Structures are given as C-alpha cells and as structure tokens.
Amino acid sequence: MLVTEMEPSEAGIDSLLRRSMAAPLPSLPSDFHQRLMREVRRGSQPLDRYRRILFTGYGLTSALVSAVIMRGQGLDWGAIAVMILGPVALAAAAPWARRATRTTMRHSAK
Amino acid sequence: MENDSQLVARAQSGDQQAFAELVNRYSALVFRLAVSILGREFIPEAEDVAQEVFLKVHYALESFRGEAEFSSWIYRIAFNQAVNLKARVRFRSPHADDTVLDWAVSLEPGPHRQAETAQRDQALAGCIQTLPEVYQSALRLYYWLGAGMDEVAALLGVPENTAKSYLHRARQLLHGMLKEKGYACD
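Residue numbers (the working numbering), protein chains in the order written: chain A, 24 to 133; chain B, 493 to 678.
Think of the hints as simulated: they come from the structure by calculation, not from any bench. Misleading hints may appear alongside valid ones.
Claimed, not checked - On the chain B side, residues computed to face chain A include the following (Cβ under 7 Å): (1) Ala-512; (2) Arg-532; (3) Ile-535; (4) Phe-546; (5) Tyr-635; (6) Trp-636; (7) Arg-663; (8) Leu-666.
Small disclaimer: the values here were computed from a predicted structure and weren't measured. Beta carbons are placed, not taken as given, at the ideal position from N, Cα and C, and that holds for glycine.
Construct the entire structure; sequences and hints are all you get.
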C-alpha cells in the first residue's frame, strides 16, 4: 500500500516502522546449499541401505519358515510358491501402481 | 527451464539434482519467511529452520501429491516450523548482532534524542511482539526485508488483498498501542 493511500494516522506509523525496522538484510551463508545437500545424503543413503538389508533378511527368513510350516501341513510346492510369491509381487507392484495413479490424477487435473 | 512440478516429479523418483535445483530455487525465500517470523535477533535459528524445512520436504516429498502448488506447500511447512521454534526460543536471550547495535547507535546525533528514539523503538518492538504471527511476519517482510506485496502474499499463502489488510490492521493496532503508551507516531 502506498503512503498516499493511507489514513493520516497510518502514515505516521508507516514512516516510524520504515525507520525503526531498517536494518541490514540477512542472507544465508554461501555454503548453506552444500551443507544441506550433505545432510540430505547423510539422512537418506545409510537409512535406505539399512532398511533394505533389514527387509531382505526379514523377507527371506519369513518365507523360509512359512515354506517349512506349509510343507509340514502337506501342501505341495506349487501352492507354497503361489502363497509366498503372490504377496511379494503385490508389494513390488505397489510403488508402480502409486506412481501410475499420481500421474493419472495430475493429467486429469490439467 | 523446468517448472516446479517437473522438478518435483524428478525428485520424487530419486533425482538428487532435481531436489538440489528446488533448494536453489526456494532456499532464500524460505529463509526470508523464517526470518520474518523469528525476527532479527534470531537469524541463526532462521537458518536452522530453513535447513529443517528442506530436510522435511525431502523426507515427505514422496507423499506430496501436487494438489497444491509446491511453493505453497513448502511455505506452509516453513511457517509452521518457524512458529514452533519461536514458541521454544521466546524466553531465551536473543543474539545481539554487533551490526544491529552499531546501526542503532549511529542513527541519531544527540544523546537525549537518541535515548528517546531508542525508547520508542523498543516500545514499538514490544508492541510488534504482541501482534498475531501473520501480522508480525507481514510487517517484517514489508518494512525490513523490502518484500513487495506479491511476495508477502505468496509467502504467507494468502491473496494480495489479504496481505494488504494484514499490514493495514497491524499499523492500526500499533498506532493504538503506542498512543496508549504515550508515544506519538507523527
């Protein structure tokens, strides 16, 4: 808003604010970008690797235990394979399905 | 030049270069918004806020569906982050920057006048602290950081007319408060 558009009482406080709030302009340090990207990498990479190892270990162990138990119950290997690999295929397809849905939503929004 | 949605889509698929470009594009603005909320006594904290915001954005980028503009989303995160931090640091002694002190001392010539001005400025600063966060932020963006009304509106996520009315209302309130304390504004 320009000073000319203000009520007289506002013009006074406007010039007071201009004078009283004038101060050196702050800026981000020049290495902010590098430091941030280093943090981002540090935050994401080891965690991803750790998660991947954890999930793989968990997946293999549970698949093995399930297979042994199901085989003990007298199921044939075909049925056991379907029951173990089916959910794995679904889990693997989930990110792809989510991306496809997002792209469709974006296109329909346009 | 790629637009935000294209960069966001690339960053969502794990492209660090795209994320770095988003940081380049928004870091100064996020920092300005944080500074406008925290005030000039807490500039190092505003820097921390800017870093936290981008780490949060990086973490949550996967869940960003593009229903709102990326800029509005990041400004909203920055606003909340800065307001939360402000609530925590409110009672801590601020960083008194030497340049700010030098500037305050060098403004007025006579010691008496200087003391009077300093007193009024202090009263004004106290009054500003009692205003709602959005008014304080709008005032600092406009009067200190030299932001135009379009930038104030964008950073606060409101239409330009609303940003104008924030400033108008803030000035009215400050005028009343200073008058009550016995200071003239003219």
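Verification of the supplied hints:
1. Ala-512: 6 Å, holds
2. Arg-532: 6 Å, holds
3. Ile-535: With Cβ-Cβ at 5 Å, under 7 Å, it holds.
4. Phe-546: Hint on Phe-546(B): holds, closest Cβ of chain A at ~6 Å, below 7 Å.
5. Tyr-635: Because about 4 Å separates Tyr-635(B) from the closest Cβ in chain A, which is inside the 7 Å limit, the hint holds.
6. Trp-636: Holds - the Cβ of Trp-636(B) comes within 7 Å of chain A, reaching about 4 Å at its closest.
7. Arg-663: This hint holds: Arg-663(B) lies near chain A, its Cβ roughly 5 Å from the closest one there, short of 7 Å.
8. Leu-666: For Leu-666(B), the interface hint holds, since the closest Cβ of chain A sits about 5 Å away, which is under 7 Å.
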